[in-house]
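There are 2 protein chains.
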Amino acid sequence: MLTLHHLEYSQSFRVLWLLEELGAEYELKIYERDTETYQAPPELKKLSPLGSAPVITDDKVILAESSAIIDYILDEHPDSGLRVSPDSGNRVRYLFWMHASQGSMMSLMLMEAVFQILISRVPFLIRPIIKAILEQASQNLIKPRMTSLLKIAEADLQLSKYFAGDRLTTADIAMVYPMAAAKDRFYLDADYPECNDWLVRVQQSESFKSAAAKDGRDSIVLRV
Amino acid sequence: MLTLHHLEYSQSFRVLWLLEELGAEYELKIYERDTETYQAPPELKKLSPLGSAPVITDDKVILAESSAIIDYILDEHPDSGLRVSPDSGNRVRYLFWMHASQGSMMSLMLMEAVFQILISRVPFLIRPIIKAILEQASQNLIKPRMTSLLKIAEADLQLSKYFAGDRLTTADIAMVYPMAAAKDRFYLDADYPECNDWLVRVQQSESFKSAAAKDGRDSIVLRV
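Residue numbers (my numbering), protein chains in the order written: chain A, 4 to 227; chain B, 4 to 227.
These are computed hints drawn from the structure, not numbers from a lab. Possibly wrong hints are sitting among the right ones.
A pair counts as met if it fits within one copy or between any two copies, since identical chains are not told apart.
What the hints assert, rightly or not - When the alpha-carbon atoms are kept at most 27 Å apart in a straight line, the in silico DSSO-like pairs for lysine-lysine are as follows:
id : residue 1 : residue 2
1  : LYS134    : LYS146
2  : LYS154    : LYS164
3  : LYS212    : LYS49
4  : LYS63     : LYS217
As the structure is a prediction and not an experimental result, all values here were calculated from the model.
Generate the whole structure from the sequences, applying the supplied hints.
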């Protein structure tokens, strides 16, 4: 049986949601972050080839990397309809959001998180300089790219309720973490009503709610 | 016909290589970076929804995001063998490297590049402080993760010549850019003989060489 090794407040929530949406049988192990460093505990680091979550174990398979795990689970459930097939008119949108989630949005949100951690950790006396430099970098490098992505998201969600058409797919499941992080970091403001509606809508789905109940935390993203 | 909008010294080289490997018919447009900011020129920014390369246009389709483009092109060439199918024993490795390329390695290499740019741009007087802080962050946050990834890569390449088995797949094509960047940033040292051999081997393939000839640059990665 597949075991999901889930780290609280982390990207692995998406895999938990996917498993709930599929009604799959699985075992769930939840790990807590170190309260000072926010890092994964040693037992998860030892297990995961990336030293982080999510990681799944399934017989002899040990697999890390959110999107690889999503694809692996989709392979096991070929009739789920959660992966948009190449002959569908929604395939291009599906591919874009599945990959933009990790390839662009998470990479920007990770940089934003690293900047915040750096600002909070540097010695008090030089903090104003570091803060000014990193906030400038965030304005120049992160914000324009996030804005471009959110504008495309807003336009796509005007066309249909979900990222790849009229029903939930793993494009939505992949996107929920960076979108929740974007909301948390104040990127997802009133300029993006469709994105905000989508975030509320998916969080109210039965499968998300049962995943959240198993997770047992008040947020899916880490708040530093 | 598909047009690849390729930015010099950028991730879009991978799409160029893929098209050459497939022997596909396509049009190539090459864009030059701004010599001061290294950014893409305005005409590419206008075209690409992410303001960056690669982007492809194909009839009514405009698609950005390297891995999404790779999947889109693979859909058009279902018999290429470059995408490992779900029933193959190499599927898990294929999924891991296809997604780890953008989800983990490029995201770390991007952060490294941003740190380098920040160090080079801050006023001279505070540069030593910034350099110390960002190099420390690189040591703590980037290096351990890159080392984990490269160790897995080294172990996988001991098992077979390519990332997903004995023949070239898009896992290799996706990985060439972060691996070349890792080499350029001195991560890929003598501790990783298999990785270094792989990098030489793929660069000597006919399709890579013809892509490099069309690209016309001496490096695929940007050197700041």
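Structure-based check of each hint:
1. LYS134 with LYS146: both (16 Å within a copy, 23 Å between copies)
2. LYS154 with LYS164: Close inside one copy (15 Å), not across copies (42 Å); limit 27 Å.
3. LYS212 with LYS49: neither (30 Å within a copy, 40 Å between copies)
4. LYS63 with LYS217: within (25 Å within a copy, 43 Å between copies)
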